[in-house]
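**Student:** So the chains spell out like this:
2 protein chains.
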Amino acid sequence: MAEKNRLVHAFKQTSYRISGHGERNIQVLKDALADVDGEQSSDIYGKGKIIEDFQEKMATYLGKEDAVFFPSGTMAQQIALRIWCDQQDIKKVAYHPLCHLEIHEEDGLKELHHIEPILLADKTRVITLDDVVELDEEIACLLLELPQREIGGQLPEYETLVAISDYCREKGIKLHLDGARLLEILPYYGKTAEEVCALFDSVYVSFYKGVGGVAGAILVGGRDFIKGSKIWKRRHGGDLISLYPYILSADHFFEKRAGKMAQYYEEAKELAALFNECNAVSTTPEHPVSNMFHVHIDMPQNKLEELLAEIYETTGVGLTSYTRPTSDTSCYFEVSIGDSYAEIPKEVLRQSLHLLNKKQSGY
Amino acid sequence: MAEKNRLVHAFKQTSYRISGHGERNIQVLKDALADVDGEQSSDIYGKGKIIEDFQEKMATYLGKEDAVFFPSGTMAQQIALRIWCDQQDIKKVAYHPLCHLEIHEEDGLKELHHIEPILLADKTRVITLDDVVELDEEIACLLLELPQREIGGQLPEYETLVAISDYCREKGIKLHLDGARLLEILPYYGKTAEEVCALFDSVYVSFYKGVGGVAGAILVGGRDFIKGSKIWKRRHGGDLISLYPYILSADHFFEKRAGKMAQYYEEAKELAALFNECNAVSTTPEHPVSNMFHVHIDMPQNKLEELLAEIYETTGVGLTSYTRPTSDTSCYFEVSIGDSYAEIPKEVLRQSLHLLNKKQSGY
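So the sequences go chain by chain: A and B. Note that this note's numbering has the first sequence beginning at 1, numbered continuously upward. Note that this note's numbering has the second sequence beginning at 1, numbered continuously upward.
Hint data in this document are derived by calculation from the structure and do not stem from the laboratory. One or more of the hints may lead you astray.
A pair counts as met if it fits within one copy or between any two copies, since identical chains are not told apart.
Unchecked claim - In silico DSSO-like pairs for lysine-lysine, Cα to Cα no more than 30 Å straight-line:
(1) Lys230 <-> Lys269
(2) Lys346 <-> Lys110
(3) Lys269 <-> Lys346
(4) Lys358 <-> Lys91
(5) Lys256 <-> Lys47
(6) Lys171 <-> Lys191
(7) Lys230 <-> Lys303
(8) Lys123 <-> Lys47
(9) Lys92 <-> Lys346
(10) Lys256 <-> Lys49
(11) Lys358 <-> Lys227
(12) Lys30 <-> Lys260
(13) Lys12 <-> Lys49
(14) Lys358 <-> Lys256
(15) Lys303 <-> Lys346
(16) Lys12 <-> Lys110
(17) Lys230 <-> Lys110
(18) Lys256 <-> Lys30
(19) Lys30 <-> Lys57
Just so it is clear, the structure is predicted and the values come from calculations on it, not from any experiment.
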């Protein structure tokens with residue numbers, strides 16, 4: 001598709017980007033390693049100062065007894081659910097229909113762990129207490145993803161979370177948090193990571209979303225849960241001789257960006273408001289509750305991509321490198337605010353959205 | 001144990017080491033990245049120039065249609081066996097009793113893939129053609145590990161390999177190579193990697209053994225096999241957004257050391273001969289067939305560790321950082337020749353083994 005190529009090409013030439021922290025290139029790792037003493041020893045199969053110190057730091061930050069560093073969230077979360085299922089001797093869990101495990105993992109949970117997921121809520125909204133109460137099957141664990149990424153990063157109100165947590169504890173259902181973007185929601189909730197995590201039995205956090213590291217994830221929970229996780233990590237092939245490239249970069253960018261989440265959140269609200277001023281454009285959520293949102297535009301994909309490429313070529317501001325059709329006449333893309341947004345001169349950003357508004361009506 | 005602590009402490013102070021390529025520290029990665037352009041883009045979930053180029057390079061080197069880079073060999077090999085089992089609809093494989101999958105992976109093959117292994121041969125020797133022919137159960141796949149690491153890196157004769165390969169092809173049994181140390185055996189066989197791999201349907205090679213990279217592995221085979229492997233890699237949680245820290249270091253050290261395997265092999269033979277001249281000391285194999293061997297010493301562990309520590313303190317040559325008892329009166333350790341060996345002045349090395357011989361009789 002010529003338009004798609006043109007969009008990708010035009011995006012690559014832009015000087016500014018509304019999403020992310022800049023290019024995902026080798027320099028990211030070089031920056032993370034720049035101040036690290038080369039003489040420092042590698043971690044060795046899950047042991048050693050580098051991995052143990054970082055695990056302890058994250059356990060403390062997230063308010064749990066223990067933590068284990070994983071190469072990926074995919075691995076961490078399947079393992080968390082497997083442990084809860086084995087412990088309860090129930091091979092069923094419940095999660096949202098757009099849960100990462102359901103749509104991005106080639107059915108690893110089913111194919112490797114033979115766990116059956118019950119899908120809660122419909123695809124357009126987050127899970128409510130009623131969804132959980134009305135479940136008529138026995139489950140070992142409920143997984144909540146905060147924010148629900150595939151619907152623009154929506155969140156339940158904090159009171160709902162507390163009510164779901166209370167209900168699960170009462171019923172003996174383990175509650176697991178897909179907190180890939182946990183740090184990003186703390187400003188909206190006005191809570192510490194520890195306060196949010198206290199509602200859950202196990203929590204996973206990613207280091208390459210808002211934190212912007214190279215890869216890797218942490219899983220936290222009680223001491224026995226983490227002990228079991230390490231055994232499953234080895235079974236999955238995740239107990240690498242050296243995970244330090246990911247650990248060092250996770251730590252470096254955590255230090256750099258954990259304190260900037262409130263800024264990203266404010267900027268997301270500002271930018272969403274600008275999009276919502278444009279004709280035929282709306283964001284989900286209308287008022288972001290984290291650093292992310294989806295932009296929906298009522299235009300056919302080929303026309304939209306042509307228009308976007310023109311905007312990039314004129315203003316130098318890249319709004320997105322792709323679009324996804326939701327119908328023949330509408331598309332969306334995801335915005336995720338990081339360090340790059342603040343680098344865009346405000347008048348250039350406004351010009352870019354002005355062009356989107358103006359050109360849209362011309363098509 | 002005071003002796004153990006003393007051994008580890010004394011080993012850390014040594015200026016020379018008979019095994020390895022030097023310290024496993026952060027500098028290894030820094031060295032690998034030093035000449036890499038920071039502007040080069042990361043691989044993204046298995047796509048992109050860095051990963052695709054390296055996979056193609058390894059497929060060519062190993063003489064197979066296609067290749068996929070894995071974070072670990074544990075993951076690569078379980079997946080290879082799973083694919084062959086699924087394809088043949090037989091949930092059984094055969095391998096050596098000291099196979100990595102049997103003793104180092106917390107039973108991942110059984111717990112995740114529900115594959116039953118049949119153990120071939122006894123623990124002291126490698127698998128022969130007779131072991132395979134006499135199998136009275138139907139298996140999907142036979143795994144051979146070359147060299148057989150846990151018994152000092154022993155190898156079958158090349159004719160035996162060819163005969164096993166022919167037999168498996170005739171019987172429709174898939175043949176998988178645990179070639180974690182494949183490069184290390186090529187000088188003994190006098191074959192290219194491609195020639196050895198041609199005997200197998202699928203091959204795994206590690207990048208942090210003789211190659212000395214940070215971590216990571218390659219799995220090669222036919223196009224459909226590799227296509228399936230990528231799906232399972234995602235299921236296992238190994239399809240990371242960025243594997244480049246491992247890929248770049250694998251490539252860097254492959255270029256640096258693939259051509260040095262003959263040197264390591266000659267040095268292993270030289271060093272084994274020196275050990276075998278010592279009283280109460282013998283190596284397995286007596287004549288190494290790769291860069292590795294085991295050193296067996298007829299002494300109780302606590303006495304041996306005391307003696308070794310004394311040798312390190314006197315000569316500055318570290319022979320091993322650990323010993324493992326095989327009985328109340330004997331122990332062994334593994335030697336794996338890398339770049340470090342050539343740095344030891346010959347007279348210092350000889351003095352060190354002279355002391356081992358002399359002091360052994362004094363205990």
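**Student:** Each hint: holds or not?
**Tutor:** Okay, the hints, checked on the actual structure:
1. Lys230 <-> Lys269: neither (40 Å within a copy, 39 Å between copies)
2. Lys346 <-> Lys110: neither (48 Å within a copy, 58 Å between copies)
3. Lys269 <-> Lys346: within (15 Å within a copy, 70 Å between copies)
4. Lys358 <-> Lys91: Answer is neither; intra-copy 54 Å and inter-copy 62 Å both fail.
5. Lys256 <-> Lys47: both (25 Å within a copy, 28 Å between copies)
6. Lys171 <-> Lys191: Classified as within; 26 Å inside a copy, 64 Å across copies.
7. Lys230 <-> Lys303: Intra 50 Å, inter 34 Å, cutoff 30 Å: neither.
8. Lys123 <-> Lys47: between (41 Å within a copy, 29 Å between copies)
9. Lys92 <-> Lys346: neither (50 Å within a copy, 64 Å between copies)
10. Lys256 <-> Lys49: both (21 Å within a copy, 29 Å between copies)
11. Lys358 <-> Lys227: neither (58 Å within a copy, 46 Å between copies)
12. Lys30 <-> Lys260: both (22 Å within a copy, 28 Å between copies)
13. Lys12 <-> Lys49: between (40 Å within a copy, 16 Å between copies)
14. Lys358 <-> Lys256: Intra 38 Å, inter 57 Å, cutoff 30 Å: neither.
15. Lys303 <-> Lys346: Within. Shortest intra-copy distance 26 Å satisfies the 30 Å Cα cut-off; inter-copy 74 Å does not.
16. Lys12 <-> Lys110: So Lys12 and Lys110 fail the 30 Å test inside a copy (38 Å) and across (46 Å) alike.
17. Lys230 <-> Lys110: Both, since 21 Å and 17 Å are each at most 30 Å.
18. Lys256 <-> Lys30: Classified as both: same-chain Cα gap 15 Å, cross-chain 21 Å, threshold 30 Å.
19. Lys30 <-> Lys57: both (23 Å within a copy, 25 Å between copies)
The structure does not agree with the numbered hints 1, 2, 4, 7, 9, 11, 14, 16 stated previously, though it agrees with the rest.
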